[in-house]
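Taking the hints into account, I'd like the entire structure generated from these sequences.
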Amino acid sequence: MTAHIHTPTPSQPLLSVADLAVSFDNGAGPRIQAVAGVSLTIHPQQTLAVVGESGCGKSVTAMTTMQLIPCPPGRVERGTILFGGRDLLSLSEREMLKIRGGEIAMIFQEPMTSLNPVYSIGDQILEAIFLHQKVAADEAVEIALKALDEVGIYQPIESRLKRELVALRADVDAGKASVDAMRELERTLPERVRGAKMQLLSDYPHRYSGGMRQRVMIAMALACQPTLLLADEPTTALDVTIQAQILELLSDLQRRRGMGIMLITHNLGVVAENADVACVMYAGRVVEYATVEELFERPLHPYTRGLFRSIPGVRDTRSRLTTVEDVVDNPAEFRLLPGCQNGIIPWWPFLPQEHRPQLAPGREPYALHEIEPNRWVGVWRTPYIESHPSRRADLTTLRSKSAVGSAGASL
Amino acid sequence: MATYLIRRLLLMIPTVLGITLMVFLIVALAPGGIGAGLAVQGGQVSDTSKVAQMQAYMEDRYGLNDPVVVQYGRWIARVCPVRFGTTSLESPSGDRIAVPRELPELPMQWAFPAPATFEVTFTPQSGDALIEEFRTLQRDAEGRRRTYVGSVRAFKDALADHVRVLGDPWTARLDPKGGADPTNFRDLPLGGGQPTPVPADAAATWAKVNAAAAQMHQAWSLAEEARQRATIAFAARPFPPAGVEVIRDVVSIDSPDFGVAFSRNRPVWDLIKTALPVTMLINLIAFPIIYLVAVPTGVLASIRRGGVADIASGFLFLLLYSVPVVLAGVFAIGFLANNQYLGWFPVSGLHDSAQATMTFLPYTDPSSVWHRGWLLDTVWHLALPVLCLVYGGFAVLSKQTRASMLDNFNADYVRTARAKGVPRKDIVISHVLRNSLLPLITMFVGIFPAMLGGSVVVERIFTIPGMGSLVIEAINLRDRELILANTFMISSVSLLALLLADILYALCDPRVAYE
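Top line first, the protein sequences correspond to chains A and B.
Taken in order, the first sequence gives residues 31 to 441; the numbers are from the working numbering.
Taken in order, the second sequence gives residues -10 to 504; the numbers are from the working numbering.
Just so you know, the hints here were simulated from the structure itself, not pulled from any lab data.
For clarity, every value in this text was computed on a predicted model and none was experimentally measured.
Do not take every clue at face value.
Mimicking DSSO-like on lysine-lysine, the simulated pairs with C-alpha atoms at most 27 Å apart in a straight line are [as the list claims (entries may be wrong)]:
1. B/K414 x A/K164
2. A/K128 x A/K176
3. A/K128 x B/K414
4. A/K164 x A/K227
5. A/K227 x A/K176
6. A/K206 x A/K227
Written as structure tokens, this is what we have:
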């Protein structure tokens, strides 16, 4: 970690999730508590990374925000999701239709299957545009072309044609080709580029690679100028170079549009490079909430420490690497928080009974507490915590993306 | 795509031929063999020897005595659009007239030497007179050929009688039906010999054999002369050649000739021309009904999975599926058509007997009597057969629709569409249903041949003169031409349906391209 350039912006939060709990029907068994009290806040231009293992409730949080959880079997038990001053949970399906795709867009993990195979790329983008914008057909095509342009899908076509032109110019200089041919190419170049672009609109998704399809997904999501983008593991199915390109593209678009992004991932490298604020989740709860710099510099929750320590270094010669369990199974790790003497012990579902503090009465044993300014940790809800209510998890931090060096690589 | 279509169409030829060969072989292997139905018809003639001669004529005319493969090959040669050998002629009425056939060889020439061969020469007339002359000569040649074939049979019968008088060991060489194949009696001592003593009656029977041989030789000479005359007249071309002649009397191209159904003595094509549209009509009505009922039901069942519509439609369709058509048809006739019960529908047939006098549309005449007209009459007659054809088809198709809808509801692109803000109704129709159509097209491939098979039963039950009835009749009578032509038409139609399904698939799924 090198430069720490915090740009606090006194803005209204874009999205504010408070104490959200979602459970699922499990047939004869007890209901599965997928999300059990998640709070987080996203500001304009901010990237909030939601990190955690599979099944910790990251995707359910995002899907609930979009109201995409099928009910039944799903059920929102409590909480609020404030977006633009309205609680999304109280909106009707008709009102949600306007928000989905229009104000909040979402991209998914599986670009290979996330596009409908029987419709052309153009049709799928235009569908989104027509749903949310009152435009004529030719305007919609222009919007779609622009969206595809923004995600850089035409770069190969343009660069091929430009290379052709450069080669032809060289030939003309060498006297091997006529000036007329060059003029002709120069004149028709924009036309040909546009032709190639229009061609792409009528192409079907199966002809494109995963990275290209994810670009189409992003173009589709961004065509309606949403203010918030929920990116549910957008790069998990892609290889590392494409992953970097897609993330670079997202932060570039974010800069230009001032969009808020919820970046769901389980890759800490992605968090380090792309996020402003990190929200670490475990078992449906937020265990730690902090700016990315502070989280990486000084993780407070033993689980977060476990995650960091389990990343092998390049020169690691140990035969057995550290696991998350090595950290969280050590009760001493739970006594390191400031205020430990007051009974501020990090919440952990598998902490042995004798190491748990005396809980405050009530069903919920967990609370997200601001341990020190701008640092939230999931702790046991003791009477002390109960009597010292903290601020909601809310960080306005933005950092200059260019300032982040090789944080991801060093992990 | 064009290349693919051409390849598919070309591949259909061997497929159809393979199917017809299989069916033909099965018929030939059945007891009685090909043309078994004809033997019964011979019974109308009283005299037993006349029956035998009639049978011999029939066998000669249709080549029933030839090996199965030869009969099939001859059929292929006629159906194949490229013809070799002497070009057939086409009479003004559209019949194909083939060159007069060679006579069957005289039997037992070692004992009864054939009369000297001869060559008739004469100059046929020209113009309209030639047509008249050829017709006469042709009729003449056919009549004499018939006499000759009958005399050969009479000769063989006389020989068999003689052999029976001679007794053992000769009788053992008779064929199971008691006929004598002359080639089995090469070493028969002429006029007597073994066993000793020669039975007293042998001389008399031998005399009869000799008399039959003499008659046979006379008939041969007459028939041969008539044949040669007819051939010469044929060569003068009283009619234009059939089809397009590529090389005169060597190669020509002609439309398939399905021959004459010998059970009805009518060109097979005439029979098919009236029967195929009936079957196609029934199926083309039944198919949309099945799809229009089953697909929306399946969609509805998948939307409200586990709901009343889902369970009720599943139960009802499965119930219908398990009722055999034979039973349903009989019940439908018995309860819905029988005047003792409801009597709502006609019992059988496709039209009312008074259809010729009907107007097309319903009308009320001046005395305010309502007439239903031809169209409604046909619909009324078709109601029960179509009902019997469709009710069993709902189950499979609606279950398939439901299953593939449910599959697609969980697809990632549906989640994408929802995230885009597409309303649920549009998701169901333009995303889920659109993708669920693909397996339904494939289902078409499986259902169509089964439907044609099912319509055989339905047509039988309701006495509808379609392909089904024709097939059953052809099989019962072992009518070679009819069986082969029916098989040919049904398999061609099925294969074309399969091709249509493949084309539809390519149109509906952009991932499928035939190149």
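When you check the alpha-carbon spacing of B/K414 and A/K164, does it fall within 27 Å? 20 Å, holds
Given the proposed pairing of A/K206 with A/K227, does the C-alpha separation stay at or below 27 Å? Violated, at roughly 31 Å.
Within a Cα-Cα threshold of 27 Å, do A/K128 and B/K414 meet the stated pairing? 15 Å, holds
Pair hint outcome, A/K164 versus A/K227 [Cα-Cα no greater than 27 Å]: 23 Å, holds
Within 27 Å, alpha carbon to alpha carbon, are A/K227 and A/K176? Within the cut-off at roughly 10 Å; holds.
Against the 27 Å threshold, does the CA-CA distance of A/K128 and A/K176 hold or violate the hint? OK: A/K128 and A/K176 at ~22 Å, within 27 Å.
Of the hints listed earlier, the one the structure fails to meet is number 6.
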